[in-house]
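There are 4 protein chains.
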Amino acid sequence: MQLGMVGLGRMGANLVRRLIRDGHECVVYDVNAEAIKALEAEGATGAGTLAEFAAALRPPRTAWIMVPAGLTGQTVDAVAEHFAPDDVIIDGGNSYYRDDIHKAKELATKGIHYVDVGTSGGVFGLERGYCLMIGGEPEAVARLEPLFETIAPGVGAIPRTPGRDGEPVQAEKGYLYCGPNGAGHFVKMVHNGIEYGMMAAFAEGLAILDKANIGREALEHNAETAPLGDPQFYQYDFDTAAIAEVWRRGSVVSSWLLDLTAAALQEDPELAEFSGRVSDSGEGRWTVLAAVEEGVPAHVLTASLYERFSSRGESLFADKLLSAMRKQFGGHAEQHAPKAG
Amino acid sequence: MQLGMVGLGRMGANLVRRLIRDGHECVVYDVNAEAIKALEAEGATGAGTLAEFAAALRPPRTAWIMVPAGLTGQTVDAVAEHFAPDDVIIDGGNSYYRDDIHKAKELATKGIHYVDVGTSGGVFGLERGYCLMIGGEPEAVARLEPLFETIAPGVGAIPRTPGRDGEPVQAEKGYLYCGPNGAGHFVKMVHNGIEYGMMAAFAEGLAILDKANIGREALEHNAETAPLGDPQFYQYDFDTAAIAEVWRRGSVVSSWLLDLTAAALQEDPELAEFSGRVSDSGEGRWTVLAAVEEGVPAHVLTASLYERFSSRGESLFADKLLSAMRKQFGGHAEQHAPKAG
Amino acid sequence: MQLGMVGLGRMGANLVRRLIRDGHECVVYDVNAEAIKALEAEGATGAGTLAEFAAALRPPRTAWIMVPAGLTGQTVDAVAEHFAPDDVIIDGGNSYYRDDIHKAKELATKGIHYVDVGTSGGVFGLERGYCLMIGGEPEAVARLEPLFETIAPGVGAIPRTPGRDGEPVQAEKGYLYCGPNGAGHFVKMVHNGIEYGMMAAFAEGLAILDKANIGREALEHNAETAPLGDPQFYQYDFDTAAIAEVWRRGSVVSSWLLDLTAAALQEDPELAEFSGRVSDSGEGRWTVLAAVEEGVPAHVLTASLYERFSSRGESLFADKLLSAMRKQFGGHAEQHAPKAG
Amino acid sequence: MQLGMVGLGRMGANLVRRLIRDGHECVVYDVNAEAIKALEAEGATGAGTLAEFAAALRPPRTAWIMVPAGLTGQTVDAVAEHFAPDDVIIDGGNSYYRDDIHKAKELATKGIHYVDVGTSGGVFGLERGYCLMIGGEPEAVARLEPLFETIAPGVGAIPRTPGRDGEPVQAEKGYLYCGPNGAGHFVKMVHNGIEYGMMAAFAEGLAILDKANIGREALEHNAETAPLGDPQFYQYDFDTAAIAEVWRRGSVVSSWLLDLTAAALQEDPELAEFSGRVSDSGEGRWTVLAAVEEGVPAHVLTASLYERFSSRGESLFADKLLSAMRKQFGGHAEQHAPKAG
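Protein chains in written order, with the numbering used here: chain A, 5 to 345; chain B, 5 to 345; chain C, 5 to 345; chain D, 5 to 345.
Warning: the hint list may mix true and false statements.
Given that identical chains are not distinguished, each listed pair holds provided it fits within a single copy or across any two copies.
[What the hints assert, rightly or not] DSS-like cross-link-like pairs, simulated, lysine-lysine; straight-line CA separation at most 25 angstroms:
| # | residue 1 | residue 2 |
| --- | --- | --- |
| 1 | K331 | K215 |
| 2 | K109 | K215 |
| 3 | K41 | K215 |
| 4 | K331 | K109 |
| 5 | K331 | K41 |
| 6 | K109 | K41 |
| 7 | K114 | K215 |
Just so you know, the hints here were simulated from the structure itself, not pulled from any lab data.
Work out the full structure: start from the sequences and follow the hints.
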């Protein structure tokens, strides 16, 4: 099947590679001519402009937009100008699902179909395949199934879920039609919200292990820190890299994120390369907004988001105010040790 | 190698089975004679009393205690009465690591070694192997390595962590000497704390998906619930079983807990069998106590514990008080819809 | 000064009473004729229709809208139809500040000024005065100052903040111009977010006191609940009503909410009248949305909101899923005690 | 009545002043001779050693220990050496209530009574009076009532709680017998836990107000921060000092902590003097330990404690690990802006 790819960053380029490998035909466009050249060398057809791009695609056309989040809307519009009724534009990035709903309505006035695809897989996707969460009109999506089947991981070596038998369904092959426009990005949004929560669970737990030798420190008795009740219980020097490794086999927390944690700690148990400023890129926030609007308690997902905010110094005003109140009622001066981090 | 097992519940019996299969010799004891008989039929040597049990073991003896948490201490003591210097008693249950420290000191006065082993694996351990986290004197632990090697999953099919090469180390085979007494249960405790956090991340996220059709409901405009700003954005009927399934392949959240979640939702997407009372069994609490004493923030692990308390109705007094305050300052009457759940 | 009041519920009626008492002239309208009659008896001028209402007001007119949240927008529009350029419409309810921004723009096209006033005070406001947080064009707001001065509590007996001297400023008299349209409701929104957090702090703390006798209970040793380490430390039968009372004088937590808590517990320490379903009415949610969008960590305010969701059974799906996972990996059956609450 | 005070820091000295003013007789001791001299000048009887201290007190003696938390135990022991059966030793500091239980048992073997008094009031207590929460044997406590009556604020100008009439009870006078040994410090502990929660509620809320102008910033579109959906909604430059001030009158959040917040922001709205390292001194931690052991959800109190840990850089390991995971799965480099704070 033929697909046009707009945006040849790591993700877009790797999608093209997976498709070409599996016999699909790819037309590629990027603002960076080098990126086009590189993929031409691997068998793709390059297009120097969006007009050429549209011309190189046989109707009904399919374009997959894979550009940075802030540019997606305008890129979709630019492609749509060259597209015709019954063509399909796929937004494969991390857009807010509400924007999908608006954009789909807009494009519908021109007869163009809009499909939102949440794509998970990161740098490993080229080999491992990408997990795809898809939203849009059922007919438009159905037409694209050969592409999704190639991009997704497929059934692979993963044991079948008990109770599932017969021919594997979509979900077992790693892609899923989730519902009308926005559904794909909604599911991807919540996926990332869960990811934040799981990451935080590992990070907090390993931090508790990392500090299990606190009983060894001669803690000064000052007003800043409560004295440790029983130093004898905190005398362990744990090897966090080895612990992450041992959990990879047979434990309840075994997971891909644990595999990555083990790899990171194996590389450097001190994590000296990192300063601890943790980014967040939208989905975690939107997940919390959805939880609040739906009235669903999401203590864990929200706390993991806020921990990221705090890691970037965003609790500074609140912290200063707490110190100021303490000074007001108790005359407590702040302890002057430099703030870590 | 020879091992004595005290406690032949599902976990103890399966450990014996794994050991026998791999050529080890097992002496078994339980208060329930049927349980002994069953394992005798599979090749174990039964003992009718702890005296017989001790007599059937060749010095230096090794006993593995696998009884319910509340009975562990007294069982260890009872076994110790029949044991001699240089014998080893293993606590393979979910004891509090502080009890290990106390118990090890007690047994040391008799020359008996105490080894604490955190054991993860659940009902799947018989086939999958058990992840073992071990604490105790290094020499006593070293002697037991053939047993641990059999019980643990082994290297298996799991890809090696980048940067690890040469002969696989302990951790890669699924067991790890973590440090002095209590270290094994400390690591297992934090493992379970992380498990709570991961479980909550999935539960919250899927709950948000489950309620993504709230825009369809005609929400009454009353003082109890804030009106939904944009009902159009909550019109999705998600198939949570299919979503859990699709995430199993290629996504960032793929994990054993996700596999189990997919299985549970495949069995019954309505989860009608469950009332939502979620138990907690100690490790989650102890993890939070450690976080607080170490001064390590653990928002996520703690919230996941508190959510379990709430699921059992433990927030009732606080909730009533909130309603009472609202009545006091605003004259708000409680809405009378029956409390769900 | 003259003011028209639309909406004569408890809040609207009490505002009119405070204004009349202080010599202002009030024109009143409500869909309920009885409510109009009642206030006519107290000195207000009743209006049978919005046309009469507008006619009874001298230009430039001032109308204060005090109707249920869901009806505010349409009521403002209906009043605006009878109003003329330079008239002012005040939204004194709990509107979302974003709606203020939109509405102000709409009314500006007709030359009508829109002023948003967050009003705190509850059932005690008639005597105590109402704390007013005000947004809008500075000139339109300035014109209304005599009204605000009457409605607000005034300087009163509250000790002056150190560093403030000379003529008391607005804030010291209990009302404040906060900024352009929406500013009043934004500040009120955050006020309520803080209120949720404070209420939860009291509720949680008193719940901990309430259960401090848990060491007396013969806790069964089962898999559901971790055994209590040291029952001797939980043998207190606290009198929560007396404790709330004692904190009212000289303690750091003394506050109006504590006064109300003391009153509620004095009325009935068992709070038997309440089922524990706690409503939330918008501001708490919007505060969290703002925190997330601003990237400001708000663990406490958010947790207090989620606790309200949970009190209404909104964590049921997540809780069931947790039980289902526990059954999957550990074969744990749910404990069958009926869920409290 | 006669009282001996050991420890003449600000708190101890002010207690002595309140007692002398009200006609009580005070014997004072401190390791610092200057502190003794200062109070002798105000009418107290100084004692150069604990032996002199004991000799100057008429049996049955009463000593109030008011020394830093870490020294309380040994000071009580030292005083006890000079005391006789039926004497009373009061621990007025912030001891862990469990230590009270142990200490009371020890002293009981000598016939000495031990009374634990949680004392709230801070630097304002001298004028405002101290809120007292008292634990111990009822008879021993009853004997001390004249002292408590002087130290506590008394009924004062605070309006009576509805439903309370007749002669004011203890709690209305600002002191309360809470129960057996440890009860006083248990109630004080929870008081401080609530205080942490309330402080955090104000700090978070005001931080949200402080950042309500974020829509003005030209946010770079990068992978670190999610783009702000609607900058138009975050254009407010709030005067947080004025807002704290206006809430002091008539609002639901009016409280002593708000008074102090208003004072701090009036002093310096930028809080430039503070670095944001917030101390915690034991009670907050112990409150959380109690919540966990009782099985009572305490999301808010716990989050407020963890926010303090984070303010001191204690989340650094966890944050680094999150960055490391992000790099592993997504190749995301950390953003290099220096961590604020």
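Against the structure, the hints come out as follows:
{"no.": "1", "hint": "K331 with K215", "in the structure": "between (29 angstroms within a copy, 24 angstroms between copies)"}
{"no.": "2", "hint": "K109 with K215", "in the structure": "between (53 angstroms within a copy, 24 angstroms between copies)"}
{"no.": "3", "hint": "K41 with K215", "in the structure": "neither (51 angstroms within a copy, 46 angstroms between copies)"}
{"no.": "4", "hint": "K331 with K109", "in the structure": "neither (56 angstroms within a copy, 37 angstroms between copies)"}
{"no.": "5", "hint": "K331 with K41", "in the structure": "neither (64 angstroms within a copy, 28 angstroms between copies)"}
{"no.": "6", "hint": "K109 with K41", "in the structure": "neither (35 angstroms within a copy, 51 angstroms between copies)"}
{"no.": "7", "hint": "K114 with K215", "in the structure": "neither (60 angstroms within a copy, 32 angstroms between copies)"}
The structure fails to meet hints 3, 4, 5, 6 and 7 from the earlier list, while all remaining hints are met.
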